[in-house]
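Residue numbers (the numbering used here), protein chains in the order written: chain E, 147 to 364; chain L, 5 to 210; chain Y, 500 to 720.
These aren't lab readings, by the way, just hints derived from the structure by calculation. Everything numeric in this text was worked out from a predicted model, so none of it was measured. Beta carbons: idealized from backbone N, C-alpha and C, even for Gly.
Just some of the chain L residues that point at chain E, by a computed CB distance under 10 Å:
| # | residue |
| --- | --- |
| 1 | ALA58 |
| 2 | ARG61 |
| 3 | ILE86 |
For the chain L half of the interface with chain Y, some residues (derived, Cβ under 10 Å), not all of them:
| # | residue |
| --- | --- |
| 4 | ARG20 |
| 5 | ARG23 |
| 6 | GLY65 |
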Amino acid sequence: MLDAIAGNLLKDFRIEFRRRFALNIALSFAAITTLAVSLTAGGVRLAAQTQAMLFWIILFFSAMNGLAHVFTREEEEGTALFLRVTSPAAAVYTAKLLFNIAVIFIIAAVISPLYAFFLNVEVASPSAFAAATCAGCLAIASSTTVLAAIVAKAGSRGSLFTIISFPVVLPPLWIAIGATRAAIAGNTVAEGVVFLLAFSGALIAVSYMLFGHIWIEE
Amino acid sequence: MRNSEITIRAHSLSKRFDRTMIFEGVSFSLGTGESIAVTGPNGSGKSTLCDIVAGIRRPTGGSLEYILNGTAQSEDGPLNAIGIASPRVNPYDELTGMENVDFAARARGVDPSTALPLFESFGLNRHRDKALRHYSSGMRQRLKLILAVLHRPPLLILDEPGSNLDSDGKRQLAGYIESLRAHTAIVIATNDREDAMLCAGAVSLA
Amino acid sequence: MAITRLVYIFMPAAVILAFCYAPTAALLGETSRLLYFHVPLAWVSVLAFAVSGIAAIVFLADKRGRFPGIEDSFHNSASLGTLTALLATASGSVWAKLMWGSYWNWDPRQTSIIILLLIYSAYFSLRSALAGKPARGRLSAAYLVIAMTVMPFFVFVVPRVFLSLHPDPVINPDMKIHLETEMRLALIVSLVAFSLLYFYLLELLNRLSRIRNAAEVSPHE
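Work out the full structure, taking the sequences as your base and the hints as a guide.
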């Protein structure tokens, strides 16, 4: 099983590295929205709450641009059945989940410094900020990977992924915004991080149970 | 998986897509060392039947049993006991032939080096490290066949195996199937008489 | 189920009790009669969500096809849930305008019902994207199950993010209803009536789906 997961991950990274299409788009989108926010703000210093909110809105929409691709690529290029006959469903889901976690971490790693730089955000507690960001990203990736599989089967129409992800991602977004605001102000974020981890755990568990049903062809 | 004995029993399988009944009441039984050809006009559900036997799709009605070395397997089909080559099962374009094989081998828990002689016997050795994007359709078909037999599955399903193959390729395929016959159960879906001749039994769909 | 026909008795009773029997509440005046329709509608929208979630789980777990109509059941229940959630939101915001001065206040219960509507609309978007695909039932059922998993987290988060305006005397944190006996009776009768109405309509819709399916499969073409 571990071998199958490793094989799947290696394959996904190889393909993504050769095309760089999805990640490039997601990163460009992230950079552009960050710039758009800072330019339209016109140099005005924003309140911590607003900064936290905008940060997560940018992260959420950038993630929506990148995370569905792992599954839609398989359906669009007709490789989904090849994947299905070679790998156990659990291995496929695990590999895609790990891949998406990596993607959203890369997006966050690009956005965070850009955002702090252009919007003059002074984070009082950088370690708390990092913890809140990582936990929030984990929660987004773990709740939307299974939705990406659903969207891929639906023919990946436009913004369907964003539409069906938003209600699911809303609770971790709220908590992550609160935690990020606390981190900017230099307060503790422990409670928020615990919530985000618990949320990720619950969604991953349910995803494992559902994935077999989503992955099979009719 | 070598030397595994498999028996497949299909009992009145049917498949309906939305409102259209593709086929009904298909029954057959197949064991190691046996082979059947699935024939029928276009749209009669040959490919769908292949997918169902491969465990990719679920039948609308009827039942399918896999008995591997005397023990009944789960309904969805024992992944590693089945090999399928089909126009709908496509390897990755961005990867080279060898990388595709490497992926499939790892996913199935087999040593990728077992594939080297297969590249030889399907005449694909020269193109092993070329990305699939640059493959011709015949080369692609050869790779699909390699990927299907890579893990020595006791049940081999070939949907239109001869498509896009030149006469050399067809001969290599026929020779390879001959060498597998004794320890493999084979299903071939085809309308090509030559391919169908490779099989002892037949299921024809109306 | 013949028991759902009791709606023919309970619904008129609920209307009569709400308008003629129950007294008006001290502060709210005649508008308090909205209570007997707004609260049951909100309750049914949650009940319908729970029913469709559970039916979706049964549908996914049911490999042998023991519950043939269940695929339509969870969808029909979600449709009824959307309708009642919309009606509850409308009746609630009219009441909110009268009581708090504006139609929308981001009170936790208003927020919750908006989230419910958001989930329902996402569900229907997914359904329409899947139109004509054989996997439609399975995929939309899976989505409902995921949405249901997220619900407890909303219950935890929403009160922390939004402050409550809803009258504590009606439903307060220890979940006891502090109403006069007559009002309580009217409310309970109304809750029963609306629950019965929901199950009655669900049965009708399920029957309609069965007929439609039978018509589609029959060899007319």
